[in-house]
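Novice: Each chain, letter by letter, is given below.
There are 2 protein chains.
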Amino acid sequence: MSDSITAVEHEVLAAVLQVRTHVLQVLLWQRARKPDAGRWSLPGGRLGPDEDVEHSIRRQLAEKVDVRQLSHVEQLSVFSAPDRRPDTRMVATAFLGLVPSHVDPAVPEDTSWHPVDRLPETAFDHRAIVERARGRLRAKLSYTNIGFAIAPPEFTISELRTHYSAALGYTVSATNLQRVLARRGVLEPTGETAPPGRAGGRPAALFRFAAGGLEVTDQFAVLRPPAGPYAHSSVR
Amino acid sequence: MSDSITAVEHEVLAAVLQVRTHVLQVLLWQRARKPDAGRWSLPGGRLGPDEDVEHSIRRQLAEKVDVRQLSHVEQLSVFSAPDRRPDTRMVATAFLGLVPSHVDPAVPEDTSWHPVDRLPETAFDHRAIVERARGRLRAKLSYTNIGFAIAPPEFTISELRTHYSAALGYTVSATNLQRVLARRGVLEPTGETAPPGRAGGRPAALFRFAAGGLEVTDQFAVLRPPAGPYAHSSVR
Numbered sequence: 001m002s003d004s005i006t007a008v009e010h011e012v013l014a015a016v017l018q019v020r021t022h023v024l025q026v027l028l029w030q031r032a033r034k035p036d037a038g039r040w041s042l043p044g045g046r047l048g049p050d051e052d053v054e055h056s057i058r059r060q061l062a063e064k065v066d067v068r069q070l071s072h073v074e075q076l077s078v079f080s081a082p083d084r085r086p087d088t089r090m091v092a093t094a095f096l097g098l099v100p101s102h103v104d105p106a107v108p109e110d111t112s113w114h115p116v117d118r119l120p121e122t123a124f125d126h127r128a129i130v131e132r133a134r135g136r137l138r139a140k141l142s143y144t145n146i147g148f149a150i151a152p153p154e155f156t157i158s159e160l161r162t163h164y165s166a167a168l169g170y171t172v173s174a175t176n177l178q179r180v181l182a183r184r185g186v187l188e189p190t191g192e193t194a195p196p197g198r199a200g201g202r203p204a205a206l207f208r209f210a211a212g213g214l215e216v217t218d219q220f221a222v223l224r225p226p227a228g229p230y231a232h233s234s235v236r
Numbered sequence: 001m002s003d004s005i006t007a008v009e010h011e012v013l014a015a016v017l018q019v020r021t022h023v024l025q026v027l028l029w030q031r032a033r034k035p036d037a038g039r040w041s042l043p044g045g046r047l048g049p050d051e052d053v054e055h056s057i058r059r060q061l062a063e064k065v066d067v068r069q070l071s072h073v074e075q076l077s078v079f080s081a082p083d084r085r086p087d088t089r090m091v092a093t094a095f096l097g098l099v100p101s102h103v104d105p106a107v108p109e110d111t112s113w114h115p116v117d118r119l120p121e122t123a124f125d126h127r128a129i130v131e132r133a134r135g136r137l138r139a140k141l142s143y144t145n146i147g148f149a150i151a152p153p154e155f156t157i158s159e160l161r162t163h164y165s166a167a168l169g170y171t172v173s174a175t176n177l178q179r180v181l182a183r184r185g186v187l188e189p190t191g192e193t194a195p196p197g198r199a200g201g202r203p204a205a206l207f208r209f210a211a212g213g214l215e216v217t218d219q220f221a222v223l224r225p226p227a228g229p230y231a232h233s234s235v236r
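Just so you know, the protein sequences line up as chains S and D, in that order.
Going by UniProt numbering, the first residue of the first sequence is number 1, and it counts up by one from there.
Going by UniProt numbering, the first residue of the second sequence is number 1, and it counts up by one from there.
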C-alpha cells in the first residue's frame, strides 16, 4: 500500500440520547435523498475547513436540530470502514451526546426520537454508532457520575432509578442505587421533599448530583495518588 | 460555514507505551525532513484507501517500527485542530498501544524509547497525544484489568507493583494492590514461586492475569444485570 496522499471526506455524527417517557431514545432524521433515502440517519455533517471535530458537531447539532441543551458530549470512536457509505469514502468521527430528561429540544419536521431498542431502518453504519453510544453510556454509569447528564436537576431516588434503568436497559434496585451513589459522594440531598405521590406515604427526599462535570467516582482507592493534580482523573 | 466538500487528509498515529527499566516510556522517531525536522514524532502515517483506521495503525506499526507484539491497541481520540500541522490540513486518529515489559521490539535507527515524563522536543501536537495516552492508561488501570497488557505473563506482586507504579506515575502499596486485584478476581496464582531474591526470605508466589482481554472489573455490583450478554461490558 502506498503512502501517496489519500484525501478522504470527513464527517461528524452524534448519537444524541435522552430518557423520554422512561425509555432511552435517540434522535434521528429521515433521509429524503439518495443514498439510503427513507432511512434514518444520525445528525451531523461534513467537517468544515476552520473547525475541529468538537466545534463541528456542536455547530451542526445547533444548526440542524436545535439541540443546544446538551448536558454532555464526548467522542465515541472513528468509523472508517472503506465501504461504510456507497457513494464516497468518508471517515466519521462519532460522538455521544446526552440531553437531560427535563428539556424537550425543538427539532425539525424530518427529525424525531426513537427508542434505541426499537430502531427504524437506519442509514449506513448508524445503527452500530447508536449501539456504541449506548454501550459507552452504560459503562460510564458504572464508574462515573454521568447520571447527572441524563437526570433532571433534582429528583427522588425513585425517579433517578427510572433513569438508570432506562439507560442501562434493565431494572436496578432503588435501595442499592442510593446506597452506592451516596457512599461514593455522587449525590447530595437538596433538603427539600417532593410533593407526596398519589400512592400516599412519606414525602420522598429530593437529591441532586454533587458535581456538574464528568468525574471518575470509582477508582481503586489504593491506586489514587495521595493528593494533587490527579485527585480527580480526567475520564478520557 | 458551507457544506461544500472539504477533503482533508487523514492520518493514524499511535502512542506506544511500555514499562522499561521501571519507567513508562513511549516510542518516538526523529523527523529527518520538514516540517518539524529534528523533532520527535509518533509512529503512524496516512490512512490508505482500502483500510480502516485500526488496520492502518497496525499495518504502519508493523511496517515502520516492527512493533508486532502489541498486547493492546485502542482508539484514543481524534485530533483535528485546523492548524495542528503547518503544512496541510490533516485529521489524526490517535491510538494507545501497549507492549508488555518482557518483549523488546526491534526498532529502526531513527526510533527510540523516551520516558513520558521527560519527552524530547516533539512534533506538532504529539506531546498532547502522549499525555492523552498516559491519562487513558492511568484511568483504565483503576477500573479494568488492563495491567495484563503492560506486565509480563507471570510476575510476583512486587514486580506487578513496579509496573503499576511506573504507569500511574506514583508509588502504590503492594499489599493493597494485591488485596484489591485479588478481591476483583483479576489475578490468579500460577502455583509456582519465583527464585528467591538476593534479599533472601520466603520465595514469592507468582501470579498471572486471569483474562487476556480487556474487561471492566469495577462496575457497581448493583448496576450489573443479573446475567447474560452484559455480564462483561465492553470497555468502549
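By construction, these hints were calculated from the structure, which means they are not laboratory data.
For every residue, glycine included, the Cβ atom is placed at its ideal position computed from N, Cα and C.
A couple of the hints might just be wrong.
If you only want the chain S side, here are some residues facing chain D, beta carbon under 8 Å, derived [to be verified]: (1) Leu-47; (2) His-72; (3) Val-73; (4) Asp-87; (5) Thr-93; (6) Ala-139; (7) Ser-142; (8) Tyr-143; (9) Arg-183; (10) Gly-185; (11) Val-186; (12) Glu-188; (13) Thr-190; (14) Ala-194.
Each pair of labels, with its calculated beta carbon distance range [what the hints assert, rightly or not]: (15) S:Gly-169 with D:Gly-38: 51 to 61 Å; (16) S:Pro-152 with D:Thr-88: 45 to 55 Å; (17) S:Thr-88 with D:Glu-188: 45 to 55 Å; (18) D:Asp-110 with S:Ala-37: 43 to 53 Å; (19) S:Gly-185 with D:Gly-169: 48 to 58 Å; (20) S:Glu-63 with D:Gln-69: 30 to 40 Å; (21) D:Ala-128 with S:Asp-83: 24 to 34 Å; (22) D:Pro-152 with S:Ala-211: 47 to 57 Å; (23) S:Glu-63 with D:Arg-39: 30 to 40 Å; (24) D:Pro-86 with S:Val-216: 34 to 44 Å; (25) D:Glu-188 with S:Pro-49: 48 to 58 Å; (26) D:Lys-34 with S:Glu-154: 20 to 30 Å.
Novice: Against this structure, judge whether each hint is valid.
Specialist: A quick look at each hint next to the structure:
Checking Leu-47 of chain S against chain D: minimum C-beta separation of about 6 Å stays under 8 Å; hint holds. The beta carbon of His-72 of chain S comes no nearer than 16 Å to any beta carbon in chain D, farther than 8 Å, and the hint placing it at the interface is violated. The closest approach between the C-beta of Val-73 of chain S and any C-beta of chain D is roughly 13 Å, which is over the 8 Å cut-off, so the hint fails. Hint status for Asp-87 of chain S relative to chain D: violated, with the closest Cβ pair at about 12 Å, above 8 Å.
At a threshold of 8 Å, the smallest CB-CB gap from Thr-93 of chain S to chain D is about 5 Å, leaving the interface hint in force. A cut of 8 Å between beta carbons decides the hint on Ala-139 of chain S: the least distance to chain D is about 5 Å, and the hint holds. Taking 8 Å as the C-beta cut-off, the interface hint given for Ser-142 of chain S holds, the closest approach to chain D being about 4 Å. Contact between Tyr-143 of chain S and chain D, as hinted, is supported at the beta carbon level, the nearest pair being about 5 Å apart and thus within 8 Å.
The beta carbon of Arg-183 of chain S is not positioned within 8 Å of any beta carbon in chain D (closest approach about 10 Å), and the interface hint is therefore violated. About 14 Å separates the beta-carbon of Gly-185 of chain S from the nearest beta-carbon of chain D, more than 8 Å, and the hint is not met. Look at Val-186 of chain S: its Cβ only gets to about 10 Å from chain D, farther than 8 Å, so that hint breaks. A distance limit of 8 Å between C-beta atoms decides the matter here; for Glu-188 of chain S the minimum to chain D is near 18 Å, and the interface restraint is violated.
Hint status for Thr-190 of chain S relative to chain D: violated, with the closest Cβ pair at about 23 Å, above 8 Å. Because the closest C-beta pair between Ala-194 of chain S and chain D is about 23 Å apart, greater than 8 Å, the hint is violated. Between Gly-169 of chain S and Gly-38 of chain D, the C-beta spacing of about 53 Å keeps the proposed range 51 to 61 Å intact. Here the CB-CB span from Pro-152 of chain S to Thr-88 of chain D is close to 46 Å, well matched to the stated 45 to 55 Å.
Between Thr-88 of chain S and Glu-188 of chain D, the C-beta spacing of about 50 Å keeps the proposed range 45 to 55 Å intact. For the pair Asp-110 of chain D and Ala-37 of chain S, the supplied restraint of 43 to 53 Å holds, since their beta-carbon distance comes to about 51 Å. Range check, Gly-185 of chain S to Gly-169 of chain D: Cβ separation about 24 Å, and the 48 to 58 Å hint is violated. A C-beta distance of roughly 47 Å is found between Glu-63 of chain S and Gln-69 of chain D, which places it outside the suggested range of 30 to 40 Å.
The hint said 24 to 34 Å for the Cβ distance between Ala-128 of chain D and Asp-83 of chain S, and at roughly 32 Å that hint holds. Distance hint check: the CB atoms of Pro-152 of chain D and Ala-211 of chain S are about 39 Å apart, inconsistent with the given range 47 to 57 Å. The given range of 30 to 40 Å is respected by Glu-63 of chain S and Arg-39 of chain D, whose C-beta atoms sit roughly 38 Å from each other. Checked against the hint of 34 to 44 Å, the pair Pro-86 of chain D and Val-216 of chain S passes, with Cβ atoms roughly 36 Å apart.
The hinted window of 48 to 58 Å between Glu-188 of chain D and Pro-49 of chain S holds, with their beta carbons roughly 54 Å apart. For the pair Lys-34 of chain D and Glu-154 of chain S, the beta carbons lie near 57 Å from each other, so the given range of 20 to 30 Å is not met.
Consistency with the previously given hints fails for numbers 2, 3, 4, 9, 10, 11, 12, 13, 14, 19, 20, 22 and 26, ordered from lowest to highest.
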